[in-house]
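Asker: Turn these sequences into a full structure, and let the hints steer you where they fit.
Protein chains in written order, with this note's numbering: chain A, 1 to 192; chain B, 1001 to 1246; chain C, 2001 to 2455.
Keep in mind the hints are simulated off the structure, nothing from the lab.
Computed from a predicted structure; not experimentally measured.
C-beta atoms are modelled at their ideal positions from N, C-alpha and C, and glycine is treated no differently.
Any given hint could turn out to be false.
What follows is a set of in silico ranges between Cβ atoms, one per label pair, in the way DEER data are often shown [claimed, not checked]:
| hint | chain 1 | residue 1 | chain 2 | residue 2 | range |
| --- | --- | --- | --- | --- | --- |
| 1 | C | TYR2322 | B | HIS1089 | 34 to 42 Å |
| 2 | B | ASP1113 | C | HIS2116 | 50 to 58 Å |
| 3 | C | LYS2294 | B | ALA1097 | 24 to 32 Å |
| 4 | C | GLU2044 | B | LYS1127 | 31 to 39 Å |
| 5 | A | SER6 | C | LYS2433 | 33 to 41 Å |
| 6 | A | LEU76 | C | THR2063 | 38 to 46 Å |
| 7 | B | SER1161 | C | ILE2007 | 44 to 52 Å |
| 8 | A | THR30 | B | SER1161 | 30 to 38 Å |
| 9 | C | GLU2190 | A | GLU27 | 14 to 22 Å |
DSS-like, lysine-lysine: derived pairs with alpha carbons at most 30 Å apart [unchecked claim]:
| hint | chain 1 | residue 1 | chain 2 | residue 2 |
| --- | --- | --- | --- | --- |
| 10 | B | LYS1164 | B | LYS1227 |
| 11 | B | LYS1172 | B | LYS1155 |
| 12 | B | LYS1230 | C | LYS2016 |
| 13 | B | LYS1093 | C | LYS2387 |
| 14 | C | LYS2035 | A | LYS34 |
Some chain A residues near chain C, calculated using beta-carbon distances under 10 Å [as the list claims (entries may be wrong)]:
| hint | residue |
| --- | --- |
| 15 | ASP5 |
| 16 | LEU8 |
| 17 | HIS19 |
| 18 | SER106 |
| 19 | PHE107 |
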Amino acid sequence: MSSRDSILASIRRHTGVRHEMPELTLEAITYADKLATFSEVLAGAGGKAIELRPGEDVNEVIRREFPEAKRIASNLKEITCATFNPDELTDPRELNGTDVSVVEGSFGVVENAAVWLPRQVRYKGLYFISNALVILLDKTQLVHTMNEAYRRTASMDYDYGVFMSGPSKTADIEQALVFGAHGPIQVVVLLK
Amino acid sequence: MKVGLFIPCYINAVYPEVGVASYKLLKHVGVEVDYPIDQTCCGQPMANAGFEDEAARLALRMEEQFKNYDYVVGPSASCVAFVKENHPHILEKRDHACMNSKKIYDICEFLHDVVRPESLPAVFPHKVSIHNSCHGVRELHLSSPSERNIPYYSKLRDLLSLVKGIEVFEPKRVDECCGFGGMFAIEEPEVSTCMGQDKVRDHMSTGAEYITGADSSCLMHMEGVIKREKLPIKTIHIVQILAAGL
Amino acid sequence: MSTKHTIAAARFLKNKENEAWHDHTLWMVRTKRDKMSHSLPEWERLRELASEIKLYSNSHLDTLLEEFEKNAIANGAIVHWAKDAEEHNEIVLRILRQHEARNLIKSKSMLTEECHMNEFLMSKGIDVVESDLGERILQLMHLAPSHIVMPAIHIKREQISEMMEREMGTEKGNIDPTYLTHAARKNLREKFLHADVAMTGVNFAVASTGEIVVCTNEGNADMGTSFPKVHIATMGMEKIVPNLEALGVFTRLLARSGTGQPVTSYTSHYRRPPEGQEFHIIIVDNGRSDILAKPDHIRTLNCIRCGECMNTCPVYRRSGGYSYTYFIPGPIGINLGMLRNPEEYSDNVSACSLCLSCSNVCPVKIDLGEQIYRWRQDLDKIGKASKEKKVMSFGMKFLMERPGLFNTALKFAPVVNHLPRFMVYNGLNAWGKGRELPAFAKESFNDMWKKNKVR
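Answerer: Put into structure tokens, the structure is as follows:
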């Protein structure tokens, strides 16, 4: 018997009472001011939310936030401040040394300031390898909770996707919080 | 209503005054109370040590002693919780359907939920820190456990609000274990002692003169620490405060 | 009557400063967790749902795993099944050899600890690199984790600084956590870029879509899988959740419980491998299906490894992860150890005052403390009960079953109050180590009642 079959046989042999799947009824929290709460929670997670003013150019804001940045990666047409298109690279390792990456988020989750990023770049490493990540997000695209979030992703197709809440972090040295363990040290969500 | 007073072994031996205060208090609030004579132990120490079956005869004995009472009421949350939670399955093995588990109450729970006195003559002009004991909180639900997201309540605090002159506090780690745990205290003496020391200091940081609670066992453990280190705080069972002046 | 836990705990407590730091720091995490749980009015409902979903999924593992496998294969993953640790390790080695891999970059996985995979692979010449910072620190110090979420919680920054100076050439004496973390970032970046194969654990496997979900704060799992051509994800079979809607319940509870964050920085969903790459999923039993046959202990399979039972446990906080003999410490570890091998791991059962804080904190409502109580009842049957405890329990029973004898004993008990200290407080009296004994009353309540003194 294959391991697969013997494991399944063992499960069947040992399973006693078969419990019902509960009805997932839940009165989940809602937030009165989604945008304000999202920004506040994001700050708590070490990120920064910036609301674009009417008529303000995204590129100006990025330049203002990262005046020192030399290598700016983006495959988005509107990001004219990008110095290269990461999708044109033949090896994802060449992404190393990127100062800022600019990507587009699908929607945000207010309760935890996570942004859903289904892979829309050639190499998903882009989301993690640059020192700073700028996520463009339509500010009308905010859901209250993860429950709501998964109802949205259920109808999406993606090969890889990540809910990202703020920068990479660790507290593995004496519980002291440090940003930029491996991934971005800074995350800015630009709300359009 | 006929109430049988349940006095656990260590209260019988070490803190009989807690039994006396319980009796007086129940009498005062107009309850018909009696003490079935020659009580010993509910069996919890053996069971927590891993010898639950050794509690069976004691459980049967308690069933016999309290069979003619409407309520069993005792001044020890942990022992009450043991009867309530564990006597049923212990007795099931002896083909006996446990009756006590359905009618047993910790005395605070009984006063708070059943008798509901609107006033007490007690005066206790002191600062006290409530010891929310593990089994009182997490088995008998005497207060809201700090782990749960439910509205705050404390039956002990409610009862103490009937006492004149008292100032009530709670420690920062509001219901962390004091480290008694029955035989845990002697099987893991170092950890248990450390827990006891930390707990007493947490109570002391409130500025209280007394640590009070519904469990003499926890109070006994903390008293051991206090006496060893000669700390400026005392322990007192909550019924002794509620019965003050009776 | 000392157990191995008692002895190791006493050793831990000798360094009072470290013990106090450990206790305080983990309590702080518990406090953060409380703040998070109180921020959601539906918290208790979420726990209830999580528990019920797990009871459902763990009692339908056969159908859910088959559904998961079917969908994962349709997504282009290669699914393996491992009965035990040995088979798991062989599968990993086989994949590595197929790709002539010499090095493996991995993110944190308690399952690979359970399988002793790193030692096995290294003995076969594979360079295994842990990429979670805590795990990397421990790997370079040749130590095991002492906590499942904060693996290096017992290590001081000075020790880390010394190790990193030796291993990565950091400045001597620089103990700044930011400096050290960023130095490790730089060092590990090279490992990420040049690894042959990446390995991750699995926090959740979604049956209805065939995808796996990995949660990290560092982003090391995602960084690891971004460059090599092969990704191996390994999962205990209880990681299965029926669908995305159910997953939403767990991702709301996991980090709030474990670290007091609203969510981990990264909740990564791996569904299909990128073109030209391989995605392997290993489903591991290693004793889990046996637990299904133990109704008293089946809820341990609910565990989502958040680690909060350790943070809340007053014994764990004051005795440290190494005082337990099973590789997972704390309340869940006591139980999982007993399920693995009760004869071997019974020493941990003493590490519990039955305060039941763990059962109340657990996001998936495992009756952790109650199960420890039940394990204690089994110790005598397997010959692992403490002799002294047995003698005491039987002695007490003998006394308590005989009220006449009990009353007589109480009459003479006050004599003990007046014994010279050296007779009472000697090495035999464990209570007396830090506490005075209670003084017996001159008259017991039974006596007072009989003499009509109670009125």
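Asker: Against this structure, judge whether each hint is valid.
Answerer: We went through each hint and held it up to the structure:
1. TYR2322(C) with HIS1089(B): 34 to 42 Å: holds, 35 Å
2. ASP1113(B) with HIS2116(C): 50 to 58 Å: The hinted range 50 to 58 Å holds for ASP1113(B) and HIS2116(C), with Cβ atoms some 54 Å apart.
3. LYS2294(C) with ALA1097(B): 24 to 32 Å: holds, 26 Å
4. GLU2044(C) with LYS1127(B): 31 to 39 Å: Distance hint for GLU2044(C), LYS1127(B) holds at roughly 34 Å.
5. SER6(A) with LYS2433(C): 33 to 41 Å: Violated, at about 51 Å.
6. LEU76(A) with THR2063(C): 38 to 46 Å: holds, 43 Å
7. SER1161(B) with ILE2007(C): 44 to 52 Å: holds, 46 Å
8. THR30(A) with SER1161(B): 30 to 38 Å: holds, 36 Å
9. GLU2190(C) with GLU27(A): 14 to 22 Å: Because 49 Å falls outside the window, the suggested range is violated.
10. LYS1164(B) with LYS1227(B): holds, 28 Å
11. LYS1172(B) with LYS1155(B): Within the cut-off at roughly 18 Å; holds.
12. LYS1230(B) with LYS2016(C): Given that 30 Å is the threshold and the Cα spacing comes to 20 Å, the pair holds.
13. LYS1093(B) with LYS2387(C): holds, 25 Å
14. LYS2035(C) with LYS34(A): holds, 20 Å
15. ASP5: holds, 9 Å
16. LEU8: Result: holds, 5 Å to nearest chain C Cβ.
17. HIS19: holds, 4 Å
18. SER106: Since chain C brings no Cβ nearer than about 12 Å to SER106(A), farther than 10 Å, the hint is violated.
19. PHE107: violated, 14 Å
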